[in-house]
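**Q** Sequences listed follow chains L and S, in order.
Mapped onto the working numbering, the consecutive letters of the first sequence carry residue numbers 4 to 211.
Mapped onto the working numbering, the consecutive letters of the second sequence carry residue numbers 4 to 211.
Since the hints were made in silico from the structure, they are not lab data.
Mixed in with the good hints there might be a few duds.
Because identical chains cannot be distinguished in the list, a pair is counted as satisfied if it fits within a single copy or across any two copies.
[What the hints assert, rightly or not] Result set (BS3-like, lysine-lysine): computed pairs, CA atoms no more than 25 Å apart in a straight line:
hint: 1; residue 1: K53; residue 2: K128
hint: 2; residue 1: K163; residue 2: K105
hint: 3; residue 1: K29; residue 2: K163
hint: 4; residue 1: K29; residue 2: K115
hint: 5; residue 1: K105; residue 2: K29
hint: 6; residue 1: K105; residue 2: K53
hint: 7; residue 1: K115; residue 2: K105
hint: 8; residue 1: K170; residue 2: K115
hint: 9; residue 1: K53; residue 2: K170
hint: 10; residue 1: K53; residue 2: K163
hint: 11; residue 1: K128; residue 2: K115
hint: 12; residue 1: K170; residue 2: K29
hint: 13; residue 1: K115; residue 2: K53
hint: 14; residue 1: K170; residue 2: K105
Protein chains: 2
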Amino acid sequence: MTKDVVPDIVIGRLPRYLQCMNLMAKEGLHTVSSGVLAARLGTTAAQIRKDLSYFGGFGKQGSGYPIYHLIEALQEILNLDRIWQVAVVGAGDLGRALARYKGFPRRGIEIKLLFDIEPNFIGTKVGAVTIQHVDYLEEEIQYHGIKIGVLAVPAEIAQKIADRMVKAGIRGILNYAPVSLILPETVHEERIDPVLQLQTMMYYLGDD
Amino acid sequence: MTKDVVPDIVIGRLPRYLQCMNLMAKEGLHTVSSGVLAARLGTTAAQIRKDLSYFGGFGKQGSGYPIYHLIEALQEILNLDRIWQVAVVGAGDLGRALARYKGFPRRGIEIKLLFDIEPNFIGTKVGAVTIQHVDYLEEEIQYHGIKIGVLAVPAEIAQKIADRMVKAGIRGILNYAPVSLILPETVHEERIDPVLQLQTMMYYLGDD
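Generate the whole structure from the sequences, applying the supplied hints.
**A** Here it is as structure tokens:
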């Protein structure tokens, strides 16, 4: 099947299904119904069945999904059957927290490069990574063949760093800077901005 | 108009519109067309017009949106016309980065409380906040009448802390723990998990 028939919003939900299945496997479960899965994820059974149907049938009617089989299938669909190396730009509080985050290596993500411009930072280690000057960004990304970049820089310079990442071969950017990037269509952007999510929440909390 | 007629997905996009408009105002712009706004946000003009139409007409046909008027309206819709106090549980790398993040006070968010269980942390300051023992969570949240909590704790204890937050009066939880929470319907959850967003990206990058 061609990938572009699956809506982005469905792809965005698959990692959550996988995360929940992994937790269930740890709990010793072997099969799970779409209803139970839906309750755990705060969604509906119909949604889960429809999302998974894009990738063929995983469960027999009435018998639930075989958890281990579904975990393997989701890992393959999401290309998690390998280690993904990542380059982080910005070694402030956030960049450092990411470089030290144990949830990454545990799930196949290796922070391989960490860049900054602060002279006192260059050459020092954060977790297993040595901070390099951002002047070496292109050279290092190309040398390691890294496809994923993380922007942990101020909004003012985010677009400029993103442009340099893209020229160096980055194809996916996780953007923590509070600004929308303008990127070629071939580059995938995911944004994380806690302020936007808190503001969404405030809409619902305002009238209490 | 009643709030529940506006789909959640539309509400989730409003903070991005506001962020973009604020940037445009800084750049000295006074009006903007839905087309230009769409290009900056990587969406379509039709989507923006449809989203904003839930809240009445903001632009006259052909003359674009008046930026300052739209900023004010969006701030009012999202209840940003006040300071929102927030309680953070977990004073590890992430909790500390949040407590020090300058983007919060700048946008009306005050990290008022910070909790942990680590004896060496208790009583020390991070930015303007003093870390308190999590035993005081209920008392402090109630005393300050705080409605928003941030979970920056390991997955294993996230649900337990969330339950305590809800009992203390928290109505919105920004959840950084890599686990889905089970919450009453009256409590709004937003999740931030960089691994899930990186995994979504890997789907698109896998076949390069």
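**Q** Which numbered conditions among the earlier hints are violated in the structure presented, ordered from lowest to highest?
**A** Violated hints: 1, 4, 6, 9, 10, 12, 13 and 14; rest satisfied.
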